[in-house]
Amino acid sequence: FRKNVEDFTGPRERSDLGFVTFDITADILNGKNARLFKYNMVFFLTLIHLQSIFDWNVKQLFLYLSAEYSTKNNALNQVVLWDKIMLRGDNPRLSLKDMKSKYFFFDDGNGLKGNRNITLTLSWNVVPNAGILPLVTGSGHVSVPFPDTYETTKSY
Amino acid sequence: MDLFGDLRRMNKRQLYYQVLNFAMIVSSALMIWKGLIVVTGSESPIVVVLSGSMEPAFHRGDLLFLTNFHNDPIRAGEIVVFKVEGRDIPIVHRVIKVHEKGNGNIKFLTKGDNNEVDDRGLYKEGQNWLEKKDVVGRARGFLPYVGMVTIIMNDYPKFKYALLAVMGAYVLLKRES
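Respectively, the protein sequence lines represent chains A and B.
With the first letter of the first sequence counted as 1, position 84 gets the number 84 in full-length UniProt numbering; the numbers rise by one all the way through.
With the first letter of the second sequence counted as 1, position 126 gets the number 126 in full-length UniProt numbering; the numbers rise by one all the way through.
Misleading hints may appear alongside valid ones.
The list that follows gives simulated cross-link-like pairs (lysine-lysine, DSS-like), each with its CA atoms no further than 25 Å apart [what the hints assert, rightly or not]:
hint : chain 1 : residue 1 : chain 2 : residue 2
1    : A       : 72        : B       : 132
2    : A       : 72        : B       : 83
3    : B       : 107       : B       : 132
4    : B       : 83        : B       : 107
5    : B       : 83        : B       : 124
6    : B       : 101       : A       : 72
7    : B       : 158       : B       : 132
8    : B       : 34        : B       : 160
9    : B       : 133       : B       : 34
These are computed hints drawn from the structure, not numbers from a lab.
Could you put the whole structure together from the sequences, leaning on the hints where they help?
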């Protein structure tokens, strides 16, 4: 659901604020494929892997869930909703249910209302012990449609 | 007496030779640095991480290699090095929000991985977003610990002078075989 409030994290104009809850089930052990399933506004994210990401030169992975969409104001918008640092040696299987987004999903303007096509993708930054810093996007994504009206009474 | 004069003259010539050698080394180093600036498109292609705001990925003293190609779009999740208008210190943080218009105009927000809040507190008074012009470069590669030398030289200037004195003495006194 969505509200239109003052973006209290910074600019004072009224912008659309979106709320998304999601589940993340991830098995980041082998390979680079991500599949997102949608079920009643609750998203399952399953990573199926082919070979190990955590080799001797990988210090950590910085995972983040980002929402990408287009609005009248801006041709491209990307907002990071959630992130997590996974160190080598951490449990590579993530199973997070009913997560609220970590960061406020403010749009720059009023572009979330009635926006049918918000794409959520999971990506990660590989941080080596020394060397190149690649950014990898999991394959598979989910589209979230936002409703046409604002919520006035529901509290977060 | 004549012999002594000869010796003194020879030493002077050797001295000039050593100085020229030294100047050549310095010029070559500068040329390599300028070359890097051209190739990467960044005014500062190698930076040292100064704070712990990106831990545990980067620690104080790590070295980062940057590129700043004009056509590279700025996307959420990327690690950028930027300077706040009016301040000289480069800051290394991650992009968490991007709003790009059709004409290529981009504004974005950054946050350090190890910080609780985004960087709005670091920006200029009243500034809410960063723009492409604030970017020094994008972090492409990294080496741990190597940048510590720069930090030590900044924090302990006596060390810097001592190092320069040793280097100078070495170059001037070294005999080429």
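Against the structure, the hints:
no.	hint	result
1	72/A x 132/B	holds, 21 Å
2	72/A x 83/B	violated, 30 Å
3	107/B x 132/B	holds, 7 Å
4	83/B x 107/B	holds, 15 Å
5	83/B x 124/B	holds, 10 Å
6	101/B x 72/A	holds, 9 Å
7	158/B x 132/B	violated, 38 Å
8	34/B x 160/B	holds, 23 Å
9	133/B x 34/B	holds, 20 Å
The earlier numbered hints that this structure contradicts are 2, 7.
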